[in-house]
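Peer 1: Spelled out, the chains give:
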Amino acid sequence: MNKYFMYMLSAVKCELYYKVNIVGMVLTSMFTLLIQVKLWQAIYSDNTTLSGITYSGVFVYLVVGMIFRKFIGNGIDDAISDDFESGKIATDLLRPQNYFMKSLCFDLGRGVVHLVVFGCISLIYLIWNRELVASYTPRLILCVAISAMIAYIIYVLMSFCIGITSVWFGRSIGLSMIKAGLFALLGGTFIPVDFYPVWLQGIVNVLPFKYIYYVPMSFLIDVSNERTFWLNVIIQILWCAFFAIVGKVLYRAAKKRMVIQGG
Amino acid sequence: MGYFGLWIEYMKKAIKQWNEFRMDFIFISIASIISIGLGVLNIEIIFTQVDSILGWTKYEVIWMLGFFTLIQCIFNVFFVNCFDVSSWVHSGNLDILRTRPRSVVFQLLFTERYNIEFPIDQLIMGIALLVWSGVKLQLSWTVGKCIFFVVTILVSTIIYTCIIFIISAMSLWSVKSNYFVEFMFELEEVNQYPLNVYGTGITFLLTYIIPIGFVSFYPCQYILEHKEYYEYAFLSPIVAIVLIGLSVLVWNFGIKRYQSPNS
Numbered sequence: 232m233n234k235y236f237m238y239m240l241s242a243v244k245c246e247l248y249y250k251v252n253i254v255g256m257v258l259t260s261m262f263t264l265l266i267q268v269k270l271w272q273a274i275y276s277d278n279t280t281l282s283g284i285t286y287s288g289v290f291v292y293l294v295v296g297m298i299f300r301k302f303i304g305n306g307i308d309d310a311i312s313d314d315f316e317s318g319k320i321a322t323d324l325l326r327p328q329n330y331f332m333k334s335l336c337f338d339l340g341r342g343v344v345h346l347v348v349f350g351c352i353s354l355i356y357l358i359w360n361r362e363l364v365a366s367y368t369p370r371l372i373l374c375v376a377i378s379a380m381i382a383y384i385i386y387v388l389m390s391f392c393i394g395i396t397s398v399w400f401g402r403s404i405g406l407s408m409i410k411a412g413l414f415a416l417l418g419g420t421f422i423p424v425d426f427y428p429v430w431l432q433g434i435v436n437v438l439p440f441k442y443i444y445y446v447p448m449s450f451l452i453d454v455s456n457e458r459t460f461w462l463n464v465i466i467q468i469l470w471c472a473f474f475a476i477v478g479k480v481l482y483r484a485a486k487k488r489m490v491i492q493g494g
Numbered sequence: 141m142g143y144f145g146l147w148i149e150y151m152k153k154a155i156k157q158w159n160e161f162r163m164d165f166i167f168i169s170i171a172s173i174i175s176i177g178l179g180v181l182n183i184e185i186i187f188t189q190v191d192s193i194l195g196w197t198k199y200e201v202i203w204m205l206g207f208f209t210l211i212q213c214i215f216n217v218f219f220v221n222c223f224d225v226s227s228w229v230h231s232g233n234l235d236i237l238r239t240r241p242r243s244v245v246f247q248l249l250f251t252e253r254y255n256i257e258f259p260i261d262q263l264i265m266g267i268a269l270l271v272w273s274g275v276k277l278q279l280s281w282t283v284g285k286c287i288f289f290v291v292t293i294l295v296s297t298i299i300y301t302c303i304i305f306i307i308s309a310m311s312l313w314s315v316k317s318n319y320f321v322e323f324m325f326e327l328e329e330v331n332q333y334p335l336n337v338y339g340t341g342i343t344f345l346l347t348y349i350i351p352i353g354f355v356s357f358y359p360c361q362y363i364l365e366h367k368e369y370y371e372y373a374f375l376s377p378i379v380a381i382v383l384i385g386l387s388v389l390v391w392n393f394g395i396k397r398y399q400s401p402n403s
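As you go down the protein sequences, you meet chains A and B in turn. Take 232 as the starting number for the first sequence in my numbering and just add one per residue. Take 141 as the starting number for the second sequence in my numbering and just add one per residue.
Please keep in mind that the hints were generated in silico from the structure rather than gathered at the bench. All of these numbers come straight from a predicted model, not from anything done at the bench. For each residue, glycine too, the CB sits at the ideal point set by N, CA and C. One or more of the hints may lead you astray.
Stated by the list, open to error - Estimated spans, in silico, between C-beta atoms of each pair:
id : chain 1 : residue 1 : chain 2 : residue 2 : range
1  : B       : THR239    : A       : ALA321    : 57 to 67 Å
2  : B       : LYS285    : A       : VAL490    : 38 to 48 Å
3  : A       : ILE465    : B       : SER192    : 36 to 46 Å
4  : A       : GLN492    : B       : CYS286    : 48 to 58 Å
5  : A       : ALA484    : B       : ILE378    : 36 to 46 Å
6  : B       : LYS152    : A       : ASP323    : 45 to 55 Å
What the hints assert, rightly or not - Where chain B lies over chain A, by a calculated footprint (3+ residues, C-beta under 8 Å):
id : stretch
7  : 233-241
8  : 296-303
9  : 398-404
10 : 419-431
11 : 457-463
12 : 481-487
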């Protein structure tokens, strides 16, 4: 366990070394958030509720959603495919470690830094507008946190699978881009899934993207969503298991197929 | 070999690369269609909830999206490498370009990728959006408007390229700056909706400081006949000239200050 913790620590150090980059991350995310909030303000300018959802629900959804998105980042597919393409994987295979756990912990280090830095700044803003978050009980916040952790694991497992495919396709940029696109389209990153037309909701329900982003955040939009918590967590765990199995199969096959040039 | 000959050679190399990672490029095309579809779908979903956002109707917003897609298409064919300045600097590869007996900027812009796969679907989608929403809006096309349309596409591409180039060139100051890239993607998102929905502060920012509004929002107003923006629509050539000058200044100043991360 200790060695994985050290991986995490080194990722934290890597991240903190480029301080300008962190400032850039915060500013960019703030800008993104501001843009989304302003747009929703304009949409809500003539109405107080749309499809039964109030503006403050959407507002908290956007703010906490942005913190969550900073935490999960872009996935580990780039790092994994780079390891396989460049042959760096050779040294990883020699070490007494689980390759997936190493990648996970390395990404977790980055996630923790982003979560703490961006989360603190956003939380100040949320606490300042206390009336928006008044209806949230500690129990609900715990629900969000648990669901978000599982969602992160689904996301990492999924991007792990995508990264490995670079062994067959030469690169995995295309699949990563499809993942990012589908995530934005079907995960509800910009528009909460409640607003989607019925036919699209049908598609969204059978794909994993909703369970990565919308489900953890849905408890914030409408407090009554809490009663679906256990059902959603079970589905999330099933998706975890699915991607874990796919990842394992792909990883075994990739190890057989890959060629490492040089010594 | 002259610059044009080099350009042809680079193009050949890009096509060979395309052939090497064929599967990946097909995935990239699918991803690009998804991301344009995402923009349209978001607009569709929002406009099923409300009839207009601050006076903008659905088809006006879609028309602007179509126009911007066309600009992105041209940008992707010729100037997409603007995005990569930061990765050239970070990896130390900029030094290789500097030792070659040709202009660094020329090599930077035309060496790496060409995105041959991007433009075709962006071109089709862009034109389809323009025609679809144009018919619904019953736009009247005069000779003046047609000339304006062609000139604007050129000018807007220059403005868009310059903005991205300047932001990208900032990485000469801070070595690792992947958040600049994220910021630029954010600017793309911003341009999908009419500027003034974001409020006066952001409209000011995106008109005078980062003049991304001149890429599609202001020029489109001439064709959509919103008279209150006519002055801005005709200002874009001047903005383009200023931005070209600024790009040259920023680049020359940055390259002097640049310290290679390589030993």
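Peer 1: Are the hints correct? Go through all of them and say.
Peer 2: Now for the hints, and whether the structure bears them out:
no.	hint	verdict
1	B:THR239 x A:ALA321: 57 to 67 Å	31 Å, violated
2	B:LYS285 x A:VAL490: 38 to 48 Å	58 Å, violated
3	A:ILE465 x B:SER192: 36 to 46 Å	42 Å, holds
4	A:GLN492 x B:CYS286: 48 to 58 Å	56 Å, holds
5	A:ALA484 x B:ILE378: 36 to 46 Å	58 Å, violated
6	B:LYS152 x A:ASP323: 45 to 55 Å	36 Å, violated
7	233-241	violated (count 0)
8	296-303	violated (count 0)
9	398-404	holds (count 6)
10	419-431	holds (count 6)
11	457-463	violated (count 0)
12	481-487	violated (count 0)
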